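Enquirer: Read off the chains here:
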Amino acid sequence: MLKAENLRYVYSSGLIKTVKKTAVCGVDLEIFPGETVAIVGESGCGKSTLAKLLAQQLEPASGEVFFEGEKLTGMRWKNLRKFMGKIQLIPQNPADVLDPRWTAEQSVAEPFVICGGFSREEISADVDALFAEVGLSAEHKTRYPHELSGGELQRVVIARALALKPELLVCDEATSMLDVSVQAFIAAMLKEIQKKRGIGLVFITHDLEAAKAVSDRVLVMYAGEIVEEGKDVFNRPLHPYTRALLDAAQYTSLEVVLPEDTGKLPDGFSGCSCFRLCRERTDACKEPQKLRNVSGRLVRCWKSK
Amino acid sequence: MSDVLLKVSGVSVSIPTGQGAVHAVDDASFSIDKHEVFSLIGESGSGKSILGQAIMRLLPSNAVFSGKVELGGMEISALPEKEMQKVRGKKVAAIAQNPYLAMNPGIRVGTQVAEPMRAHLGLSKEDAKTRTCRALRYFDIIPPEVREREYPFQYSGGMLQRAMVAMGTAADPELIIADEPTKGVDVLKRRNIAAIFQKVASEGCAFLLITHDVGFARVMSDRIAVNYCGQIVEIAGKEEFFKEPLHPYSKALLDAVPERGMHPIPGSSPSMIELPEGCRFHPRCPYKTDRCLKNPPVVDMGKRCVRCWIYA
Amino acid sequence: MTELLKNRQITISLIILGGLIFMAAFAGVLAPYDYTEKDLQNRLQPPSSDHLFGTDHLGRDILTMVMYGSRASLFVGFAVVGVSLAIGVTLGVLAGYYGGWLDEIIMRLTDSFLAFPSMFLALAITAFLGQGMKNMMLALIAVEWTVFARVARGSTLDVRTKGYVRASRWIGASNCYVVIKHVLPNIISPVLIMASLGIGNVILAAAGLSFLGLGVQPATPEWGAMLDAGRTYVTTAPWLMFFPGLFIMITVLAFNYFGDGLRDALDQKMKNIELEGRF
Chain A
1 MLKAENLRYV YSSGLIKTVK KTAVCGVDLE IFPGETVAIV GESGCGKSTL
51 AKLLAQQLEP ASGEVFFEGE KLTGMRWKNL RKFMGKIQLI PQNPADVLDP
101 RWTAEQSVAE PFVICGGFSR EEISADVDAL FAEVGLSAEH KTRYPHELSG
151 GELQRVVIAR ALALKPELLV CDEATSMLDV SVQAFIAAML KEIQKKRGIG
201 LVFITHDLEA AKAVSDRVLV MYAGEIVEEG KDVFNRPLHP YTRALLDAAQ
251 YTSLEVVLPE DTGKLPDGFS GCSCFRLCRE RTDACKEPQK LRNVSGRLVR
301 CWKSK
Chain B
1 MSDVLLKVSG VSVSIPTGQG AVHAVDDASF SIDKHEVFSL IGESGSGKSI
51 LGQAIMRLLP SNAVFSGKVE LGGMEISALP EKEMQKVRGK KVAAIAQNPY
101 LAMNPGIRVG TQVAEPMRAH LGLSKEDAKT RTCRALRYFD IIPPEVRERE
151 YPFQYSGGML QRAMVAMGTA ADPELIIADE PTKGVDVLKR RNIAAIFQKV
201 ASEGCAFLLI THDVGFARVM SDRIAVNYCG QIVEIAGKEE FFKEPLHPYS
251 KALLDAVPER GMHPIPGSSP SMIELPEGCR FHPRCPYKTD RCLKNPPVVD
301 MGKRCVRCWI YA
Chain C
1 MTELLKNRQI TISLIILGGL IFMAAFAGVL APYDYTEKDL QNRLQPPSSD
51 HLFGTDHLGR DILTMVMYGS RASLFVGFAV VGVSLAIGVT LGVLAGYYGG
101 WLDEIIMRLT DSFLAFPSMF LALAITAFLG QGMKNMMLAL IAVEWTVFAR
151 VARGSTLDVR TKGYVRASRW IGASNCYVVI KHVLPNIISP VLIMASLGIG
201 NVILAAAGLS FLGLGVQPAT PEWGAMLDAG RTYVTTAPWL MFFPGLFIMI
251 TVLAFNYFGD GLRDALDQKM KNIELEGRF
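Chains as they are written, first to last, in the numbering used here: chain A, 1 to 305; chain B, 1 to 312; chain C, 1 to 279.
If we strip away everything but chain A, and leave its shape as in the complex, we get (with noise of 0.2 Å):
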């Protein structure tokens, strides 16, 4: 359904924008339809930056997005706005994206009101039917931003990414600003609504415990790159960064601080991008590493077998 080659986005910065970060390099992903994908990685990894590349709130500095065989990108905005109902991203923070003066039921019920060609009593109903779908009250729709929590902010955004019948939702770290309880309840909502409604759903996130409980599928980023790919990651963790990840968030061995690590390599080199992290590192790892087909997962290490 969508279909994402070689994505390569730069960010600059500095006075005359010569300090450049590649935050996402050469990436290629499919997403086919109902399934869930979770791309998971430390703060910084490059997901977000991948997020927004699929949903196209970013132009790639290389790199093609397709979706439905159809290209997306460097595509003009007046063709683009067919696709916009279909791909919904649902951000962060979800007080970001609500107009703070505008109630609940307003920010829900604008999607309805720009497209055109609804009635009252057509939003009214549709707007009602997508609250019931996320769990929240009538009580909630006269209430405005500041007086709600967290989590049913974070409702009130997917409720407003439902009107338009998307076909695949990309959740950009839904859900972590919200507490633990309510991650839970949110992960299992938006799995919820995915079967329910048969679409796709990228799941972005560091939290590895919520991605192995919602996905189909995982994909282990850093630095900007694909370093793990398959459908039992957690379980049998092939790369290192994978497995560094594992232990982190499982606590072992918090004896050892892990070495810093600013994403920030010696210029001119060109082996994997976990060099400095990587316990088992050797000399072979100074050359550039590709992604593998180890027994239907791909890895970024010359070491999985």
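Be aware that a few hints might be false.
[Unchecked claim] Looking from chain A toward chain C, a few residues come up when the C-beta cut is under 8 Å (computed):
#1 Leu58
#2 Asp96
#3 Pro111
#4 Ile114
No lab work stands behind these hints: they were computed from the structure.
Values in this document were obtained by computation on a predicted structure and should not be read as measured data.
The beta-carbon is built from N, C-alpha and C at its ideal position, and this holds for glycine as well.
Keeping the supplied structure of chain A fixed, place chains B and C upon it in accordance with the hints.
Expert: What follows is chains B and C alone, placed relative to chain A:
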């Protein structure tokens, strides 16, 4: 000599707002021993941060406080502000959530880390500098002599977090209050925070960890207290708590963790202005009875206690 | 809305302003005399039970003149600020939202108006156009619109980058829709505060211009004109200047108080929202 370091007795805090008084903390009572890591877990908005602020006497000016807080036998809740300033930073230190907000971007890191030393321990500039370098080295901020003179923007996120902990521990406090140290933090950073805290705890410092991250609390603490809607509903040792949580809310909270199946807690938290009658959790409780309409007693079971009618 | 009233500054100033507006509206009924009524027998009478504020050099009752004068001042205040707001906010929002060359042009226009000290600009324009209330109002509008343009532009720049604007545009909202439905409601607070402070300024400026003889037509009751008329008698009959001056002061203070109270209340609301958000 008693082992008790911090004793909180019957603390209540309510804050008046436009819509009515928010009863942020109600009748909180617990104690923390010396060298003990004590976690206060609960959802955001349940008032646990306010409790932390109440202990440090950093409440907003219109808050209404009642109860008693004793540190090392001394009642700090009644101290005049000037005396309290000597306690803050020296005996009790707070570690903020966000290092970029806690550290002044315009002052060198070394100066900031040295500040508690100079203010509370009365060290001279040179002595403070030596001690700062030692602290930086302890937290793996190397080379300390160079790092000491740098500004916060030259530090990476994890490093600045460690510098912030160094600043908090600079004057050798007996108790550290950490408010939501792992909010919005990814797994690798979270593990590093756990590692630093454990390092500091191994030196003998006691911790009051205020967090909603149950996994983090489990790794770090000796004892756990569960907070719901401004009330402490259960206090237990770590092992007993995770083996068998007693309060229905504790059970629900543990079931919501992904490892146990991610079962969401039914219903939603009540507003802190209009609280339910009697037990604050009873509208959502699967075991509720008629008794629950009356305030449940705190049942003392020796090493642990629960605020619930089931065990009364 | 009702919580705004809990702010003491707002309530007190609203009461005073309400009283003033009531006085202006019902001057015809409330005033003891007709302001055109000249009673040359009783010129320059000090305040008495007959004439609570005394009489002026033409025997007219000063209390009546003050009451009718409030009409001119309040009308000028509201009208000038109303039109300035309309012009300034439109230009400011356009500049802030679209940026680019439109922003440059509008900002340079604003700058050129701001380059002149406001009083001199108003004086020059009135002197050029001639005396009269309409010309005075035009001059004051010319000075006042820049304030709103700046405030509106700044707030628009802030709102333009917000996530909800992006979200709306992503679903296909047109620029017009975003400006009307998202930008305008979110910039209203600072604009309203500026407006209430602006009314006070304008009333003062109008009084000043009339005092200099450049404002309303002679014989129209207006507080500034009354000050001008009373100038000659300031030592012999100070009540001619005292009462209109007092009312200018009360009105301007009331508007400023209201504006300050509004600003504090909206600030407090923001603070409360943050406080509640923290729970």
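Enquirer: Confirm or reject each hint.
Expert: Consistency of the hints with the structure:
no.	hint	verdict
1	Leu58	violated, 11 Å
2	Asp96	holds, 3 Å
3	Pro111	holds, 5 Å
4	Ile114	holds, 5 Å
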